[in-house]
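There are 2 protein chains.
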Amino acid sequence: MREFELLRHVYDANARLPGSVVIPPGDDMGAVRFGNNTLLVTVDQLVEGVHFAPDTPIEKIGRKVVTRNLSDVAAMAALPVAAVAAGCLPRSMAEATANQLFDSMRATSLAFGCPLIGGDVSMHDGPMVLSVALFAEPGGVTPILRSGAKAGDLVCVTGELGGAMEDLAGCVHHLDFEPRIDLARKLAKMETLHSLIDLSDGLGRDLGHIAEMSGLHAVIEASKLPISTAAKHAAARDGQAAWRHALADGEDYELCFTVPAGTLLPTGVEGVRITTIGVMQPGPPGVTVQLPNGQKIAATELGWEHHT
Amino acid sequence: MREFELLRHVYDANARLPGSVVIPPGDDMGAVRFGNNTLLVTVDQLVEGVHFAPDTPIEKIGRKVVTRNLSDVAAMAALPVAAVAAGCLPRSMAEATANQLFDSMRATSLAFGCPLIGGDVSMHDGPMVLSVALFAEPGGVTPILRSGAKAGDLVCVTGELGGAMEDLAGCVHHLDFEPRIDLARKLAKMETLHSLIDLSDGLGRDLGHIAEMSGLHAVIEASKLPISTAAKHAAARDGQAAWRHALADGEDYELCFTVPAGTLLPTGVEGVRITTIGVMQPGPPGVTVQLPNGQKIAATELGWEHHT
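Line by line, the protein sequences are chains A and B. 20 is the number of the first residue of the first sequence in my numbering; add one for each residue after it. 20 is the number of the first residue of the second sequence in my numbering; add one for each residue after it.
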């Protein structure tokens with residue numbers, strides 16, 4: 020069984036959801052009417068041996084299971100409100116380690132204004148499986164969907180991409196990244212964002228979701244990709260082109276968004292680089308990368324897939 | 020490491036939660052202010068080999084991971100609004116089985132008015148680990164806490180207790196139970212409920228939570244316990260007293276609540292039996308059972324613990 024097939028089955032059922040559902044499954048968060056407000060929700064898992072190595076420091080695991088969800092909140096330009104956590108822990112885990120795990124989830128949640136208000140703990144003779152569900156509200160910014168891109172839109176990304184698994188002097192981006200919540204809200208208030216997604220599976224695949232759900236084709240230029248130092252390290256080591264790392268490595272947790280043609284974006288917001296990398300065009304859904312030598316390749320084929 | 024020790028560590032941190040938290044971790048649901056409303060949240064896991072046997076029909080597993088959470092909603096007399104699900108599935112699971120699992124979760128959620136609006140799927144080489152987070156609103160009924168019992172309160176339960184693991188002509192209560200949401204809300208509108216909990220770990224332990232959090236001692240009479248047919252079957256088989264099964268088996272998913280002394284309760288609501296089984300008294304937190312022969316025993320010692 021592959022994740023993709025199950026998700027297709029899930030999305031096929033969206034048409035039968037009740038009218039209270041504002042955003043059905045398939046975007047970065049789902050949403051439902053709640054009193055006079057809209058409740059946005061996301062859930063994400065971290066599985067030992069799949070999403071992190073068994074020797075990962077426990078505080079980093081606790082942080083990441085929260086920040087991954089916060090990156091989904093950023094991808095809707097929403098405001099986090101609260102979180103709950105479920106942990107299926109190895110029976111052999113020391114009490115002090117379990118306490119550190121919880122303390123890290125709690126501190127990370129609180130730092131982003133979404134206190135942990137509930138949880139569930141189980142123990143078993145298997146790997147650690149953590150899940151966090153996180154709730155958010157629009158807070159004055161209409162949630163920005165993957166499906167809103169228009170033909171002619173500029174395609175933009177925040178920060179620098181690639182090499183998220185590289186260890187740069189103890190800093191490993193996929194564990195240590197900052198979810199772009201403030202940045203997303205600033206951008207959404209400053210400019211007209213037609214579509215928005217966070218980059219977890221690699222720009223190629225994630226921009227592919229915007230293309231697919233907007234019914235458009237994205238064309239981006241390899242030479243314009245903001246390449247991280249970590250991507251250059253990875254490229255120097257494995258001999259692949261650095262732009263390929265930026266496009267396919269995944270776990271950047273930066274934002275990819277589209278804005279109307281002609282929008283004059285700042286080159287940075289709050290010290291984070293903003294780069295225009297391409298354009299949305301009519302055509303069959305997909306992503307094409309133009310290389311400096313003029314060659315064109317299908318970027319969706321390069322995207323990184325979790326080892327699931 | 021034991022669940023209990025981690026939970027104590029978690030609850031110790033409650034004092035440092037922000038003012039937006041209406042109900043901190045430690046009750047059946049947590050709650051936070053959300054717009055002009057209160058958002059109640061619960062999360063619960065089902066782990067293969069811990070909460071269900073590997074040969075359990077997949078539809079029953081999908082149903083139970085939702086109904087367990089719905090029972091927590093009943094325990095606050097709240098109204099379910101929406102849910103999200105996370106599944107860490109064995110890589111070997113057939114696509115059709117994964118689809119059936121999702122369909123069962125979706126149908127169960129919808130039947131109780133809380134559409135599934137999001138999820139996360141992972142695959143690994145280990146046991147199935149499911150978690151569902153469920154959101155609710157008070158809907159005109161102030162949430163009823165475990166901590167509200169008063170000295171002199173009558174202790175009452177809904178339905179019949181014990182033997183939830185027994186297979187009675189294909190019906191196994193721990194898989195097939197009906198969460199008591201409507202019943203809880205009817206009771207809460209009809210009577211003054213001082214405290215309320217759902218029975219998942221066994222009456223002895225769960226009433227122990229009310230006693231602990233209310234700073235009182237519960238005294239119940241074994242002869243008054245509403246004993247299920249399944250509990251009688253179990254008792255006939257293993258030679259234990261049937262009241263012991265009713266008190267300790269767990270997974271009844273009935274409600275236990277306390278009402279002011281002198282309250283005249285109906286003997287049933289909507290075909291579900293309501294039974295007064297004891298009284299809350301001043302004294303050290305705990306639960307005492309009086310046997311027909313006059314003997315008194317500490318019921319908290321009998322409570323059922325998940326195999327975690």
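Read the hints as simulated data drawn from the structure, not as lab findings. Some clues are possibly wrong.
No distinction is drawn between identical chains; accordingly, a pair holds when it is met within one copy or between any pair of copies.
As the list claims (entries may be wrong) - Derived DMTMM-like pairs (lysine to aspartate or glutamate); straight-line CA-CA distance at most 25 Å:
(1) K79 x D31
(2) K79 x E24
(3) K79 x D144
(4) K315 x E210
(5) K169 x E240
(6) K169 x D220
(7) K243 x E210
(8) K169 x E78
Computed from a predicted structure; not experimentally measured.
Hint check:
| no. | hint | in the structure |
| --- | --- | --- |
| 1 | K79 x D31 | between (36 Å within a copy, 22 Å between copies) |
| 2 | K79 x E24 | between (31 Å within a copy, 22 Å between copies) |
| 3 | K79 x D144 | both (22 Å within a copy, 23 Å between copies) |
| 4 | K315 x E210 | neither (30 Å within a copy, 71 Å between copies) |
| 5 | K169 x E240 | within (19 Å within a copy, 70 Å between copies) |
| 6 | K169 x D220 | within (23 Å within a copy, 54 Å between copies) |
| 7 | K243 x E210 | within (21 Å within a copy, 68 Å between copies) |
| 8 | K169 x E78 | neither (41 Å within a copy, 41 Å between copies) |
This entry does not satisfy hints 4 and 8, going by the numbered hints stated previously.
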